[in-house]
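Engineer: Listed below, chain by chain, are the residues.
2 protein chains.
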Amino acid sequence: MSKLLRRGFQLAGLGGAVGMGYLLGQNGSHKSSLLSSFPALETVSAAAIQGSVMNITAPDVIPPPASNAPRISQIMRFGFPGLANIRALDDYVISYDTRNRVPYWVCEHLNDANVTRNPEVDRSQCIFHEDFSIHEFFRSENSDYKGSGFDRGHMAAAGNHGLNMRDCRQTFLLSNMAPQVGEGFNRGKWNELEKYCRKKARQYANVYVCTGPLYLPRRDDDGKLYVKYQMIGQNHVAVPTHFFKVVVSEANTGELELESFLLPNAYIENAVPLSTFYVSTDVIERASGLLFFDKISKKKFQKINGNKTGWF
Amino acid sequence: MSKLLRRGFQLAGLGGAVGMGYLLGQNGSHKSSLLSSFPALETVSAAAIQGSVMNITAPDVIPPPASNAPRISQIMRFGFPGLANIRALDDYVISYDTRNRVPYWVCEHLNDANVTRNPEVDRSQCIFHEDFSIHEFFRSENSDYKGSGFDRGHMAAAGNHGLNMRDCRQTFLLSNMAPQVGEGFNRGKWNELEKYCRKKARQYANVYVCTGPLYLPRRDDDGKLYVKYQMIGQNHVAVPTHFFKVVVSEANTGELELESFLLPNAYIENAVPLSTFYVSTDVIERASGLLFFDKISKKKFQKINGNKTGWF
Numbered sequence: 034m035s036k037l038l039r040r041g042f043q044l045a046g047l048g049g050a051v052g053m054g055y056l057l058g059q060n061g062s063h064k065s066s067l068l069s070s071f072p073a074l075e076t077v078s079a080a081a082i083q084g085s086v087m088n089i090t091a092p093d094v095i096p097p098p099a100s101n102a103p104r105i106s107q108i109m110r111f112g113f114p115g116l117a118n119i120r121a122l123d124d125y126v127i128s129y130d131t132r133n134r135v136p137y138w139v140c141e142h143l144n145d146a147n148v149t150r151n152p153e154v155d156r157s158q159c160i161f162h163e164d165f166s167i168h169e170f171f172r173s174e175n176s177d178y179k180g181s182g183f184d185r186g187h188m189a190a191a192g193n194h195g196l197n198m199r200d201c202r203q204t205f206l207l208s209n210m211a212p213q214v215g216e217g218f219n220r221g222k223w224n225e226l227e228k229y230c231r232k233k234a235r236q237y238a239n240v241y242v243c244t245g246p247l248y249l250p251r252r253d254d255d256g257k258l259y260v261k262y263q264m265i266g267q268n269h270v271a272v273p274t275h276f277f278k279v280v281v282s283e284a285n286t287g288e289l290e291l292e293s294f295l296l297p298n299a300y301i302e303n304a305v306p307l308s309t310f311y312v313s314t315d316v317i318e319r320a321s322g323l324l325f326f327d328k329i330s331k332k333k334f335q336k337i338n339g340n341k342t343g344w345f
Numbered sequence: 034m035s036k037l038l039r040r041g042f043q044l045a046g047l048g049g050a051v052g053m054g055y056l057l058g059q060n061g062s063h064k065s066s067l068l069s070s071f072p073a074l075e076t077v078s079a080a081a082i083q084g085s086v087m088n089i090t091a092p093d094v095i096p097p098p099a100s101n102a103p104r105i106s107q108i109m110r111f112g113f114p115g116l117a118n119i120r121a122l123d124d125y126v127i128s129y130d131t132r133n134r135v136p137y138w139v140c141e142h143l144n145d146a147n148v149t150r151n152p153e154v155d156r157s158q159c160i161f162h163e164d165f166s167i168h169e170f171f172r173s174e175n176s177d178y179k180g181s182g183f184d185r186g187h188m189a190a191a192g193n194h195g196l197n198m199r200d201c202r203q204t205f206l207l208s209n210m211a212p213q214v215g216e217g218f219n220r221g222k223w224n225e226l227e228k229y230c231r232k233k234a235r236q237y238a239n240v241y242v243c244t245g246p247l248y249l250p251r252r253d254d255d256g257k258l259y260v261k262y263q264m265i266g267q268n269h270v271a272v273p274t275h276f277f278k279v280v281v282s283e284a285n286t287g288e289l290e291l292e293s294f295l296l297p298n299a300y301i302e303n304a305v306p307l308s309t310f311y312v313s314t315d316v317i318e319r320a321s322g323l324l325f326f327d328k329i330s331k332k333k334f335q336k337i338n339g340n341k342t343g344w345f
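Chains as they are written, first to last, in this note's numbering: chain A, 34 to 345; chain B, 34 to 345.
Don't take each hint at face value.
When chains are identical, the list treats them as one kind, so a pair holds in a single copy or across two.
[As the list claims (entries may be wrong)] Below, simulated DSSO-like cross-link-like pairs (lysine-lysine); rule was C-alpha separation at most 30 Å, straight line:
#1 Lys332 <-> Lys233
#2 Lys257 <-> Lys233
#3 Lys257 <-> Lys179
#4 Lys257 <-> Lys328
#5 Lys232 <-> Lys257
I should point out that these hints are in silico values taken from the structure, not numbers from a laboratory.
Remember, predicted model here, so these are calculated numbers, not experimental data.
So that you can see chain A by itself, here it is in the shape it has in the complex:
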């Protein structure tokens, strides 16, 4: 049985995901992080006395950068999920999948300031535009989405970058989009998840959000696992089967929480609670080929997917 499936995660969409959150949260093993989680302090001995580089004590949790540090150092404070085709915008960072013409991931840093509605920022003035920083072979265009039946779904949400029009406009780059089911998803449960992140940003000191598409396999009639996804438009833009958000929230007291959501790119009933879509982070890591927030030991999280961890 596959490792993904062994963890009890059904890939056939919404129905299978219901009720799995709790189970998956408990099973979240992350061997490599556990191994690297011992603070450097404990390893300082003779080397420290001799004044070697071992005398640098690593921080328990990487502190937020100074307020005048480059924005990217705050957004990417806890590590890059991957290093392919990185582009730092003014208020978010993207890694772009040239094969599928959608992001691999986008990372954002939210706080009270950038999620508070600025009346001078008028989202209706923002238009979706081609990203000319991407080679013409790998760029998506508005025409790819037209008539496809899919929304141009923001990965870095427009509502998270409302400090000024420049930031808001940058989220309308087509490199920040992936085809999403509109009603009941982009305009439904996904939007609710984005709002949930903004709500956390008002309550916590810092919220770090990593978002992206997934292409999950499912078992076919022949008993074998297949990945199958649509391609839209002349530029062959991939329609992901699922989307993820991995969210780290840092309280004013410094306590850290981790939440990982995995949603099917499908109509979802309003009544289904967001917690239905909690999964163990490593399910998303294996499926995406990415490692999230790997500068934080999983031991440091005092809550994972809404449950207090046993380590405190």
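Use these hints to put chain B onto chain A, whose structure you have.
Structural biologist: This is chain B only, laid out in the frame that chain A set:
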């Protein structure tokens, strides 16, 4: 109609590819390369007299590195197709796809020395082994292939690295493998293509080979394009629908030739000639999300897919 299909390339496998080579070769547009292909010499004017940095004349074709230069500088002489998860082995370079547990691409440099059979190198002593340099979440294992019906298909061919046992052994890393149909493909037409590259290496001064998998869409009964591919084993190793090789051959006189092959991962009759699988490089570039040999202007090739170009 899609850009891929507009170029006349049928994605439904072997049948569609037959006879398309010539057409595709003629249509190979590569706008960005054409724009950047003017030698720097022509742009040197006032700036040169003033001793600015413009006074550095760029070489017409990047010369081979000195014989004592690191091996990677020879292998990657004409550019990296992409920069994700690069690992330089002693005699080939790989970019690894952590999502699909197979390479994005591998690059090799062949010449008479490394393709000549060394009787001291015994391929039967080489065993397929896990690549422990890759995070455990993204590693393939021998068990993934066992009973799958697919061969562990070398991307960097073992026969291209026969100078010594160390080089040969390194091609047996599972990170260098992708699931291939055995009879009629890995042990058939694909093997013939590998031999063809070695034959060129005996005739030319330098041969540069870039190899990788593809996941091409095809039109389903509903009229829409879908990518569909199998995943094997507990680690979900992707079974590519197609494979490519892009080959640059440099003659002793310095003349350059370009060949781009695209083969379906399927049984192919022995009688079908290799030239059947010629496609324009940009078809592979769009489908893979990679750019091949982009340090050479396409204008520099005196032969493309076996045909003399019109530029000379």
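Engineer: Work down the list of hints and note, for each, if the structure agrees.
Structural biologist: To see whether the hints hold, each was checked on the structure:
In the homo-oligomer, the alpha carbons of Lys332 and Lys233 lie at most 30 Å apart inside one protomer (21 Å), although the nearest pairing across protomers, at 55 Å, exceeds that limit. Taking the shortest Cα distances, Lys257 and Lys233 never come within 30 Å of each other, neither inside one copy (41 Å) nor across copies (40 Å). With identical chains, the CA atoms of Lys257 and Lys179 are at most 30 Å apart between copies only, with a shortest distance of 14 Å across copies and 34 Å within one. Taking identical chains as interchangeable, the C-alpha atoms of Lys257 and Lys328 are never at most 30 Å apart, the minima being 36 Å within one chain and 42 Å between chains.
Taking CA atoms no more than 30 Å apart as the test, Lys232 paired with Lys257 passes in neither setting, with 42 Å inside one copy and 39 Å between copies.
The earlier numbered hints that this structure contradicts are 2, 4, 5.
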